[in-house]
Every structure is written in C-alpha cells, then in structure tokens.
Amino acid sequence: MTTQHIEVTVNGTTHAADVEPRQLLAFFLREQLRLTGVHVGCDTTSCGVCTVLLDGVPIKSCTALAVQADGREIRTVEGLEQNGTLHPIQAAFMEEHGLQCGFCTPGMMMASVALLESNPNPSEEEIRWALSGNLCRCTGYMNIVKSVRRAAENIREENAVPVGAGEGR
Amino acid sequence: MLPAAFDYVRPSDLTETVQILAQRGDEGKLLAGGQSLIPLLKLRFALPEVLIDIGRLEGFEYVRVEGEQLRIGAGTRHAFLAASPVAREHAPALAAAAPQIADPIVRNWGTIGGSLAHADPAGDLGSVMIAANSDFVALSNRGERVLRAREFFEGPFTTALAPDELLVEIRVPLARGRAFGSYSKLERKIGDFATVGVAVCLDMDDGTCRTAGIGLTAVGATNLEAREAEVALSGRRLDNEAIEEASRRAADAADPTSDLRGSAEYKRDVVRVYVQRALKQAGGMNR
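The listed protein sequences derive, respectively, from chains A and B. Just so it is clear: in the first sequence, position 12 is 12 by the numbering used here, and no numbers are missing. Just so it is clear: in the second sequence, position 28 is 28 by the numbering used here, and no numbers are missing.
Calculated from the structure, these hints are not laboratory results. Careful, some of the hints might be misleading.
[As the list claims (entries may be wrong)] Now the stretches of chain B that chain A is said to cover, found in silico as 3 or more residues with beta-carbon under 8 Å:
(1) 5-11
(2) 32-41
(3) 51-62
(4) 101-113
[As the list claims (entries may be wrong)] Beta-carbon label-pair distances, calculated as ranges:
(5) A/12 to B/49: 33 to 41 Å
(6) B/252 to A/18: 53 to 61 Å
(7) B/176 to A/73: 40 to 48 Å
In this text the structure is predicted, and so the values were computed from the model without any measurement. Don't be surprised by glycine CBs; every beta carbon is placed ideally from N, CA and C.
Model the full assembly from the supplied sequences, consistent with the hints where possible.
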C-alpha cells in the first residue's frame, strides 16, 4: 500500500498525515481527525452535508481526495465557534429554528458562511441559489433561509459603526 | 464508498504532465477538480492504476480574448467561467450554460476541461461547444493538435483524445455584434443531470440568420449536433415557418432513450419546444 504524506491546516491547526491516495477527504476528516461534524449523507455529491471550506471555498468533501487538500486550509463546522462564542451563523440557526433533525446543518452553515463572506447582504433569492447544492431532508428550507438572513443582519450590526461614533468629542 | 487503490502523482507543470502521460497514459487518469472522476472511482466504474493530479497547475485557469477567439484554460473552474464578464460579452451561450452546470458547490471545483474530457452525453458544455463551433487544443509530448468540438465526442464517455494527450485549451469563436446564444436545460432539480439540454448559437443579420449552431444534451450517445436544423436556418429569415421547420428537424436529430427522467417521445418534444423558444427569442418574437 503506497501512502502519500500530506499536511493540512484544519480549523487553524496543521496536521501531518500519511494517507492512501484513495482516501476521501470527508473520511480523513471524520475518522483520522475525529471531526464528525463533517457528515456523510448521499456519498454521491448530491446532498451537500459534507460541505467544508477549502481555502475559503465550499466543496463537497465526499467528492475530494485527502491528497487534494495537501498544503491547503480547511474549515469545518467545528471551527466556527471561537472561545465559547457561537459564530453568528450558528446563533442565527438557533434563533430562527434553522435546524430540525440537524443532519444537513453543518453543510448548510458552511455554505452559508462562504456566501456571507463574499456577499454580506444577500437577497432571499441569492441565499436560495447559494444553498441549492445542499439538501434538507426535513424540508426546513424556510427557516434555513431566515437563519442566513438573520446571520447577515447580525454580522452587519456587529460591524456597523455605532450611531454618533466619531462625532463631537 | 471507497475507490480501489491507485498510485498518485502530481506533476509540477505541463511538460512533466505529458511525460507522465507518454509513459502511463494508458493506465492512468487525469485528475483536475475530480467532480466527474471521483464519483466514477467511488463506484469503481473507473479503475485507473495511477491518478495524475493536474488540479494545481499554474496558468491553467483563464478566460481571455485572443484574435477572433475566446480562449479558456482547460483547468478553468465552472464558477470562474460563470463569473467571467469576458465570457458574458463574447460567448453568450457558454455564459448561459455555466451557472446551470451541476450545483454551486460542485462548480467551485469542477473544471471545463475535465467536464469536456469526461464526455458524458448528459454533460452540458459539449452541446455548447458544438453549437458555437469551438475547437479544443490537445497536448502530448508529440506536440499540440487542434480538434474540432464536432469531431471530439466519439461515444458515451469516449473522446478523440489519445491516451497520451491532455486537453489544454478551449477556443470559442467570438460571438459577433448581432450574435445570439442560449442554453436551455430541463432538470428535475438543481444538481441533477439534464433531462434535455439545448444550446443555440446564431449569427444574425437584421432578422436573417446567417449561420446557426445547435447542440443537444442527453438525447443521444454523445452531445449531438442538429445538423439538418442548422442547414434549414442558414441564410434564412427567422420567421415562424423557418422556426417551425428548424425545431422539427432538431427534434428529429435527437435519439433519446426512455428512463426515469422521461420517455423518449417526451424528451424529443422538449427538444422541439426548446429550440423553438430559443429561435423565437432570437427573432424577437413573443412565445
């Protein structure tokens, strides 16, 4: 069995590993790094529950090889929370009941994070298009879209300059 | 699903790639984004001995105008093409198809060259390339050769590329001033393969169609050209009679099979309707 040496930065930590070239990224993350928030659903590039960010871009990790991530940076749902504070997308999914069974949630959130990083104020239509590669088997799309809108509002408010700031002295 | 074992090499440039292909092209497969190949590996429909990873080659992703052509690097990802203003301006049918391929996440990694070389008869881009009369540039350590899109697809998942060749560039003739281009796709849901797809490229001159290109997706063993329909339109005023005749002939060119996505009869009629709609749009007529 030939293996390939890879170094992958996952949620800010660099991991070195020897992997078989056929090792799929989703299973590398789940089984070797124990990041089981990376779900595997259809295993055929259809459902999007395995979505992770590779160099900031959402990809379906069931349809990527671990060797393709060598030297690159990956973010999974486990990396969203920082120092005990939920990421705005996580908080918004909670506030707007964006999850029912929770199975699609990690993929939905990672695709949404990428959307909001490139488009801080997406319309409902833009959100629906951006999430069109992610399926929710509970069909809870209404609240997922609401959650993304809420997250966008919350992020904008956080970043907004408070009224009156910089005026007078 | 775990693919069968294979060796893995990651050449650092095209020169090294064609050297590896010359030695191991018969037993190897090129890996670009992997969005078509990895599913085949997982299902073990493809059992290569070696994967040659060209996914990181420098200077392999570009969309630019050169002379009378839009030149696209084979390593260009679908998302890159879909966002390209140059493509929108110069290749309207291609620009229309780009955001309809697969789903937005797959488009982040899937490449134009990978999709074309995969040659799935239900792939969208082949029909566009046929309709636009594009050329493909193949490279091996024997040199470069140019293949016509219309002669590229030889059968399901089979192309005119030799085992030691790789697709390096796609050349699409620039749409001229009055050109019309469209891609219409019927799919059950986003991310599904096309039930039927129709690409139409017309060179228009004041209501008259000078030349026409029509490519069909998922209604035959390869992406198909609707040759008789193109002939019927060439040099002809785009009136109702011409449109009816061309759309009927395009439907005749289709050779679909019945499956879960629809009956052969239904798919053939979708071809007729989609060609008709595109032509009416090109002619500025209401549906």
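Can you take a look at whether the segment 5-11 of chain B is actually covered by chain A? Rule is 3+ residues, C-beta closer than 8 Å.
Satisfied; 5 residues make the cut.
Coverage of the segment 51-62 of chain B by chain A, judged on three or more residues with CB within 8 Å:
Check passed, 3 qualifying residues.
Has the segment 101-113 of chain B got at least three residues whose CB is nearer than 8 Å to a CB belonging to chain A?
Three-residue rule met by the segment 101-113 of chain B, so holds; n is 7.
Could you check the hint for me, namely that residue 176 of chain B and residue 73 of chain A are 40 to 48 Å apart, CB to CB?
holds, 44 Å
Within 53 to 61 Å: is that where the Cβ-Cβ distance between residue 252 of chain B and residue 18 of chain A falls?
holds, 57 Å
In terms of beta carbon proximity below 8 Å, does the segment 32-41 of chain B have 3 or more residues touching chain A?
holds (count 5)
Given the hint of 33 to 41 Å, check if residue 12 of chain A and residue 49 of chain B actually sit that far apart at their C-beta atoms.
holds, 37 Å
Hint check: no violations occur; every hint is consistent with the structure.
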